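Chains A and B, in that order, are what the protein sequence lines are.
Numbered as in this note's numbering, the first sequence ends at 249 without a single skipped number.
Numbered as in this note's numbering, the second sequence ends at 288 without a single skipped number.
Don't take each hint at face value.
With a straight-line Cα cutoff of 25 Å, these simulated SDA-like cross-link-like pairs (lysine to any residue) come out [stated by the list, open to error]:
| no. | chain 1 | residue 1 | chain 2 | residue 2 |
| --- | --- | --- | --- | --- |
| 1 | A | K224 | A | V212 |
| 2 | B | K82 | A | Q72 |
| 3 | A | K164 | A | L117 |
| 4 | A | K191 | A | T23 |
| 5 | A | K164 | A | L192 |
| 6 | B | K82 | A | F51 |
| 7 | A | K164 | B | D172 |
| 8 | B | K82 | A | G89 |
| 9 | A | K164 | A | V59 |
| 10 | A | K139 | B | D172 |
| 11 | A | K139 | A | W94 |
| 12 | A | K166 | A | R188 |
| 13 | A | K15 | A | V59 |
| 14 | A | K139 | B | S160 |
| 15 | B | K82 | A | I85 |
| 16 | A | K139 | A | Q90 |
| 17 | A | K166 | B | N182 |
| 18 | B | K82 | A | A67 |
| 19 | A | K164 | B | A185 |
| 20 | A | K139 | B | N236 |
Okay, the calculated bits of chain B under chain A, using three or more residues with CB under 8 Å as the criterion [unchecked claim]:
| no. | segment |
| --- | --- |
| 21 | 159-168 |
| 22 | 171-185 |
The hints are simulated quantities; they were obtained by calculation from the structure and are not laboratory data.
These numbers come from a predicted model, not from an experiment.
Yeah, the Cβ is synthetic: ideal placement off N, Cα and C, and Gly gets one too.
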Amino acid sequence: MLELHALSRHFGGVKAVDGLDLTVAEGQIFGLIGPNGSGKSTTVNVVTGLFPPTSGRIVFRGEDLAALPTHQRLRAGIARTFQNIRLFGQLSVWQNLWVAQNSAEDQARHGFVARWLGGQRGVRAEIAQLLEFSGLAHKQDELAANLAFGEQRRLELARAMAAKPKLLLLDEPAAGMNSEEIGQLRERILKLRERGVTILLVEHVMELVMGVTDRIAVLNFGQKIAEGTPAEIQAHPAVRKAYLGGDPS
Amino acid sequence: MDFYFGLAQIVGVHTLLGLSAYIVLLTGQVSLAQAGFFAVGAYTAGMLTVLAGWHLVPALGASALSGAAIACAVGFPALRVKGLMLVIATLAFGEGVRLFFFNFDYQIARGDIKVGPLGGEGFRQIRFFPENGWTTGEVMLFIWLFVVAAMALLWWFDRSRYGSVLRAVGEDELAAQSVGINLTAVKVSAMTIGGAIAGVGGGLYAHYTTHIEHTSFNILVATFAVAYPIVGGLRNVFGTLLAVIFVQAFLIEGLRFLGDWRNLLFGALIVLAMNLRPSGFLGARRRA
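Full structure from sequences and hints, please.
Here's what the structure looks like:
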């Protein structure tokens with residue numbers, strides 16, 4: 001599904017991501033963990049095209065993404081959420097989802113004028129479904145800026161889903177959530193997988209990562225120091241060292 | 001009565017100018033190029049009615065097209081820069097247009113006199129309205145037909161998906177592109193529509209004043225254009241209209257009896273208005 005080949009992104013002398021090789025298979029929930037500043041968010045930003053890579057290749061479904069600008073990568077099937085929530089605060093919840101319906105399928109299905117002026121029945125039904133999925137149906141006319149923190153996180157996930165992605169990049173979706181909310185998020189992530197969405201989950205909250213992922217890669221200083229199943233990772237000495245800073249035994 | 005009709009003409013044309021900046025401002029871009037598009041529209045319509053003998057309506061269509069075309073051409077390079085850099089880039093464009101018309105001569109003989117633009121002397125005798133016997137009231141109604149049409153168009157855009165997309169781009173470009181919005185297409189289209197509206201406004205302006213020159217399109221006009229939607233607020237198109245009435249009818253005409261004190265009060269009252277309503281008369285809905 002997604003392959004990173006020797007991917008690097010440097011900022012001046014800082015090697016935020018340094019020679020990263022990664023393969024996410026279709027249908028997987030793949031965890032990407034690591035201490036703060038280890039290059040997880042930078043990886044997401046490079047995959048979505050917000051920064052060009054310094055070197056290396058990104059291959060998505062057999063196609064090199066280098067030439068595609070961010071908005072076309074979304075059309076190709078890659079959507080994301082942000083670590084620090086970035087909703088359109090002065091648009092309503094409903095409008096936040098409306099503007100995000102930019103999948104290739106939506107573009108093909110509706111004519112140019114109809115798409116830009118919007119409002120067809122199919123569009124409304126899809127938004128209603130997303131609102132239902134996120135438990136935000138009763139808030140659809142509220143301004144996104146007025147939502148509570150947990151609701152904003154849910155809306156961001158729904159907004160990413162509005163583009164019908166094949167690959168979803170979640171950048172610390174559980175940050176700031178209590179354990180009940182994390183439980184709900186976990187349910188949602190598993191439901192998305194049932195629908196056939198491949199997920200790359202960047203996360204600190206081990207409770208979530210260890211519970212839902214099929215495979216995990218660990219980054220430290222921009223390099224992959226370990227990869228394996230959650231059980232393997234938990235037992236891995238280099239991982240314990242990077243996280244706990246020292247010999248755990 | 002003619003005084004009020006004349007005032008309504010000014011308010012109408014300035015509303016078009018303000019609306020042209022409004023749609024660009026929705027995408028978060030502060031453009032000082034609107035006076036340039038206004039100038040292009042004014043000279044285009046004036047030359048077509050005076051030199052080519054066109055009726056005003058098709059001439060205004062040509063103004064809209066020329067304003068849109070030049071705005072689209074400016075949009076591509078200008079919108080690569082943001083914030084203050086964009087202000088400077090669009091300001092430079094506006095001044096470039098003004099200096100072009102300062103040096104632009106194209107006169108032909110019409111009987112004993114020569115008509116057409118004559119550089120720094122300006123373009124006199126744009127007499128479509130008096131030649132066809134239109135009264136001030138009729139001219140005023142004609143102008144407002146376009147104002148209402150432009151307001152209705154932008155009102156409708158605001159309600160459509162396109163309007164939400166414009167505001168999404170204005171709010172967070174990074175998030176907008178991450179949900180698949182093509183920033184260039186959105187910004188350039190807003191600029192182009194703004195250019196068309198400014199072009200029509202310019203064409204109408206040229207005909208009700210009958211005389212245009214380069215100073216009619218200076219930095220002050222560019223500043224007014226972008227100040228209207230800012231003072232009026234971006235909730236909807238009526239904010240811009242309110243701001244034009246506030247500035248043109250109240251501050252400029254209404255306070256004329258104050259003599260020289262008016263100029264002092266003019267600035268003070270705008271500062272006061274912005275302090276009382278920081279997000280404009282009809283500001284965006286408040287955050288909690």
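Quick rundown of the hints versus the structure:
no. : hint             : in the structure
1   : A:K224 to A:V212 : holds, 20 Å
2   : B:K82 to A:Q72   : holds, 22 Å
3   : A:K164 to A:L117 : holds, 20 Å
4   : A:K191 to A:T23  : holds, 22 Å
5   : A:K164 to A:L192 : holds, 11 Å
6   : B:K82 to A:F51   : holds, 18 Å
7   : A:K164 to B:D172 : holds, 21 Å
8   : B:K82 to A:G89   : holds, 21 Å
9   : A:K164 to A:V59  : holds, 19 Å
10  : A:K139 to B:D172 : holds, 22 Å
11  : A:K139 to A:W94  : holds, 8 Å
12  : A:K166 to A:R188 : holds, 16 Å
13  : A:K15 to A:V59   : holds, 21 Å
14  : A:K139 to B:S160 : holds, 20 Å
15  : B:K82 to A:I85   : holds, 23 Å
16  : A:K139 to A:Q90  : holds, 14 Å
17  : A:K166 to B:N182 : holds, 20 Å
18  : B:K82 to A:A67   : holds, 23 Å
19  : A:K164 to B:A185 : holds, 22 Å
20  : A:K139 to B:N236 : holds, 23 Å
21  : 159-168          : holds (count 7)
22  : 171-185          : holds (count 12)
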